[in-house]
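The residues making up each chain are set out below.
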Amino acid sequence: MEKNNRLLNGIKFFALSVFLVLYIFPFFIVLINSFKERKEILENPLKLPSVLNLSNYIDAFTKMNYLHAFLNSLIITAFSVFLITLLSSMTAYIFVRKKWKFNQFMFFFMVASMIIPFQGIMIPLVKIYGSIGMMNSKWALIYMYVGFGASLAVFMYHGFIKSIPLELEEAATIDGCSQLQTFFKIVFPLLKPVTTTIAILDILWIWNDFLLPYLVLMAPEQRTLPLSVFYFYGTYTIEYGPAMAALMLATIPVIIAYLLMQKQIIEGVLKGSIK
Amino acid sequence: MNVNQEKTLLAKLKTYLIFAGPTTFAFLTVIILPFLYGIYLTFTDWNGISATHAFVGFSNYLQAFNDKVFWTSFLLTLKYVFFTVILINVIAFFLAYMLTSGVKGQNFFRAGFFTPNLIGGILLGFIWQFIFSNILVYLGKSYNIPIFSGSWLSDPDKAFWALVIVTVWQYTGYMMVIYISGFMNIPRDLLEAASIDGANFYQRLKNVILPLMAPSFTISVFLTLQRGFMVYDINLALTNGGPYKSTELISLHIYNTAFLSQQYGIGQAEAFFLFFVVAAVTLLQVYFSKKLEVEN
Amino acid sequence: MKRKILSIMLTFALVFSLMAGCDTKGSNNGESNSTVTATKTVKITLLNSKGEIQAQLEEAAKVFTKENPNITVEVIPAAAGQSPFETVTAMYASGNAPTMAMLDPGDIAKFKDKFLDLSGEKWVEDAIDWTLSVARVDGKVIAFPFAVEGYGLIYNKAVLDKAYGGNFDPSSIRTRDALEEAFKKVEAIGVKALEISPMDWSLGAHFLTIAYAAQSKDPAQVAQFLSDLKAGKVDLANNKVFNGLMDTFDMMKKYNIDKNDPLSPTYDRGPELIGKGEVGFWFMGNWAWPQIKEFDTANEQYGFIPVPISNNPGDYGNSQIAVGPSKFIGIDKTQNNAVQQDAAKKFLNWLVYSQTGQDALVNKANVIPAFKNITLEPQDPLAKSIGQYMKESNTLKLEFNTTLPPDHWSKLGASMQKYLAGKIDRKGLIDEIENYWKNVQ
Chain A
1 MEKNNRLLNG IKFFALSVFL VLYIFPFFIV LINSFKERKE ILENPLKLPS
51 VLNLSNYIDA FTKMNYLHAF LNSLIITAFS VFLITLLSSM TAYIFVRKKW
101 KFNQFMFFFM VASMIIPFQG IMIPLVKIYG SIGMMNSKWA LIYMYVGFGA
151 SLAVFMYHGF IKSIPLELEE AATIDGCSQL QTFFKIVFPL LKPVTTTIAI
201 LDILWIWNDF LLPYLVLMAP EQRTLPLSVF YFYGTYTIEY GPAMAALMLA
251 TIPVIIAYLL MQKQIIEGVL KGSIK
Chain B
276 MNVNQEKTLL AKLKTYLIFA GPTTFAFLTV IILPFLYGIY LTFTDWNGIS
326 ATHAFVGFSN YLQAFNDKVF WTSFLLTLKY VFFTVILINV IAFFLAYMLT
376 SGVKGQNFFR AGFFTPNLIG GILLGFIWQF IFSNILVYLG KSYNIPIFSG
426 SWLSDPDKAF WALVIVTVWQ YTGYMMVIYI SGFMNIPRDL LEAASIDGAN
476 FYQRLKNVIL PLMAPSFTIS VFLTLQRGFM VYDINLALTN GGPYKSTELI
526 SLHIYNTAFL SQQYGIGQAE AFFLFFVVAA VTLLQVYFSK KLEVEN
Chain C
572 MKRKILSIML TFALVFSLMA GCDTKGSNNG ESNSTVTATK TVKITLLNSK
622 GEIQAQLEEA AKVFTKENPN ITVEVIPAAA GQSPFETVTA MYASGNAPTM
672 AMLDPGDIAK FKDKFLDLSG EKWVEDAIDW TLSVARVDGK VIAFPFAVEG
722 YGLIYNKAVL DKAYGGNFDP SSIRTRDALE EAFKKVEAIG VKALEISPMD
772 WSLGAHFLTI AYAAQSKDPA QVAQFLSDLK AGKVDLANNK VFNGLMDTFD
822 MMKKYNIDKN DPLSPTYDRG PELIGKGEVG FWFMGNWAWP QIKEFDTANE
872 QYGFIPVPIS NNPGDYGNSQ IAVGPSKFIG IDKTQNNAVQ QDAAKKFLNW
922 LVYSQTGQDA LVNKANVIPA FKNITLEPQD PLAKSIGQYM KESNTLKLEF
972 NTTLPPDHWS KLGASMQKYL AGKIDRKGLI DEIENYWKNV Q
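Residue numbers (the numbering used here), protein chains in the order written: chain A, 1 to 275; chain B, 276 to 571; chain C, 572 to 1012.
Some hints could be false.
Calculated pairs, EDC-like style, for lysine to aspartate or glutamate (alpha carbon to alpha carbon, straight line, at most 16 Å) [what the hints assert, rightly or not]:
(1) Lys847/C <-> Glu865/C
(2) Lys63/A <-> Glu239/A
(3) Lys728/C <-> Glu849/C
(4) Lys63/A <-> Glu630/C
(5) Lys989/C <-> Asp320/B
(6) Lys989/C <-> Asp821/C
(7) Lys127/A <-> Glu657/C
(8) Lys433/B <-> Asp832/C
(9) Lys416/B <-> Glu43/A
(10) Lys763/C <-> Glu752/C
(11) Lys847/C <-> Glu40/A
What follows is a set of in silico ranges between Cβ atoms, one per label pair, in the way DEER data are often shown [as the list claims (entries may be wrong)]:
(12) Asp832/C <-> Val344/B: 53 to 61 Å
(13) Gln1012/C <-> Leu52/A: 19 to 27 Å
(14) Trp436/B <-> Ala791/C: 43 to 51 Å
(15) Lys847/C <-> Lys379/B: 46 to 54 Å
So the derived list for chain C, only partly shown, Cβ under 7 Å to chain B, looks like this [stated by the list, open to error]:
(16) Glu657
(17) Asp832
(18) Pro977
(19) Asp978
(20) Ala985
(21) Gln988
(22) Lys989
Hint data in this document are derived by calculation from the structure and do not stem from the laboratory. Ideal Cβ positions, reconstructed from N, Cα and C, are used throughout, including at glycine.
All chains should be built: construct the whole structure from the sequences, respecting the hints.
As structure tokens, then:
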């Protein structure tokens, strides 16, 4: 019995490992090719690089305006996530605690809107905000992310806040706290698990988002990381060397963050899925 | 003192504005307003740049419905959604099962399979485009593997499967985590009781695991359905609709109609159609899944 | 507690304002509401849609600024994969219209209410006549012809010399049969005859349009042909020129090095094959020189021959290379102020009349200029070849580019791809082409 289990486990381990290697293979390909010159890449894409040539990286780094793009991505993601969590938690709190008809209506309205596909509103969105001159700005983009991300966040906070005992808040009110104070002192700290989950989901979404920034951010110096990689896919031909390096440069920050916070990330998704 | 104030309408308004004001405003102006304006646009002939446009009634809808390519694209998207939803969920379920059974290095595997999810769709598409058009072709030519000697991206059927493969690769990790949480919620004693009662693997699966995993199925299927219908990044980066428009899924088609052919009204009409379909499908799916959950 | 929230919001506001400073640096592409201050320096932008010369244009901008220290030119690359029209439209929509926009010929007319009237500019007189027809809208010249480009069958002279056992004379190929002869001779020396690139833009915008341009020497007739297509009045099945071109295409398919998997090559395969001498011919345009140069083994000896459309050497189209102005620059007058518009005019004049400008245009960017006064000869062999055809007036003028719908290359390119891969036959192709034109808005 023991032996059978060990054998089964061994087979499982082996199968999983092979599958994992195949799974991670694409990253490996990008890595080895990022050190080669375009000619070399085209002639033999599987060969290990003969020299660790960093020229592609330097080329990509400068052409992508990497620091700027990285900073843009960072600012946009950080502010958006901060605003989404802050504003949505407040909104959900009011929706739960104040059983007004209007609140119930708005809540339902927001949840229902989650079905609207982005493609359904991207054209009018661009036309409206373009005509009032609000495009090509990080702040416009952040504002839009708040609009887009609010529904899901409110939904998730709503479920969680319901489970917070009212007595805690009543105690605070008796102590003389205003509504806002009660929220920030008592309720918000208790929301930490949900906040973490939402933050993680939103960070993954916003950092990697392509279409919305593509439509909104026009000037090169406003570009986010995913956009700046697109730069290498030229009209006629793809500058493979720098493109591979650019892909690496764009994904490395995410991989590093992931390796450091892997436990929290997976836990966050786990918890989020339980709703 | 607070309780009395809240009774007045003004006080209620004030509270609402403070707590939910910004969110509501952003939500209305970013989602609802464009949505309504979009409906308006479907009745005009705007071409994207001119300052004026004319009212054209229902002709955009008529043109969209008469467009054979639109329907082809839609049907193709259905086929794509069908395969990706099944493959992703089956593989994710299986992986989750293996990775909650106490295999060595479980956490390491979990982290590993989740990685593709970290990368944006557009970058993924590029990576895989390189693999399909260069790496596999190279392998095929060097080792004489006929299935790889022609680029998969130059044949409509193979390109379709390339899309499916890349999508499955990207999302399986995410859904796997959802299923893992589902597995972890199954009380151990139930499973033990079942095996003590003599139930084999399949019986355990059918009677204990699957029913208790119903909520996970609901979420996972909902997410994969929704993402399947709206796929754009991967489509653009991997095939860009090629070869000869044979893999232009619906979102890419809508984008091209609006921004490449400069027929915004028609593009928007198509987008609304997509919206109704997705809404209907996902609502139905959640409705039936919830029923399954309750009954169990 | 309230203080804490206040301090958070204050910090926010502070950071906001700091960051805002970061923005204005970039977004000041000259909104019309920015007052014309007494500042001496003017900044103008050029939206470049010729990705392959981005670096050269940036260099040119620097040289221009050295000679005109109060004007800085920022060259913005168009988003890859987007048509220039898409990029420029989006820029206008976001209030960031570039001072100068480099567009495809077909898009110019759509911007007629946004572009400056340039009819009074000196270079209008010096432009090669027919290159301006597209830029004349409502009687005004609203765009500057930036580049002339040509395409046809590029040949590797080293390979062809060997195949012909001596000096290969390109003018000896004036008929389809002569071309087939050439293919056979190349194969006889152990080299593959040609490479057909399957990209939709190559087949749809370049190859197919030869059929339009070769209809007649008279551009009015060509324009009529296209209107007739829209009206559904053209019977392509009986059109001599169209069928002649497609017969040549059929012949080319037989000798295509990738005939077993015709849709798989990427653009990069072409330069590699012809540069290394692994094929004798490649259908492409002169913009491909930098990529060919990377692989060159023929000592930079290349040239063009036209794609023959019949077996009668005297037919129009057999000795003429398809040439046309491929990019135009318009100056924005709606979101850029008068000072910026003048600076832009100066930049364009600099390209045409100054020695450094001409050098930047012709020698560095390998652009074939559209102006009679520029005597500078392009250095690369492909541009030289096109230039030669132009001098001898042996050209198929692509003047109709303006009347091609914006998705022509994409949709009919897809049809041509199906034809190349044998998925549809000649009748199927004709149906798709006729249907496309009938449904064009």
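I'd like to know which numbered hints this structure contradicts. Please list them from smallest to largest. Violated: hints 5, 12, 13.
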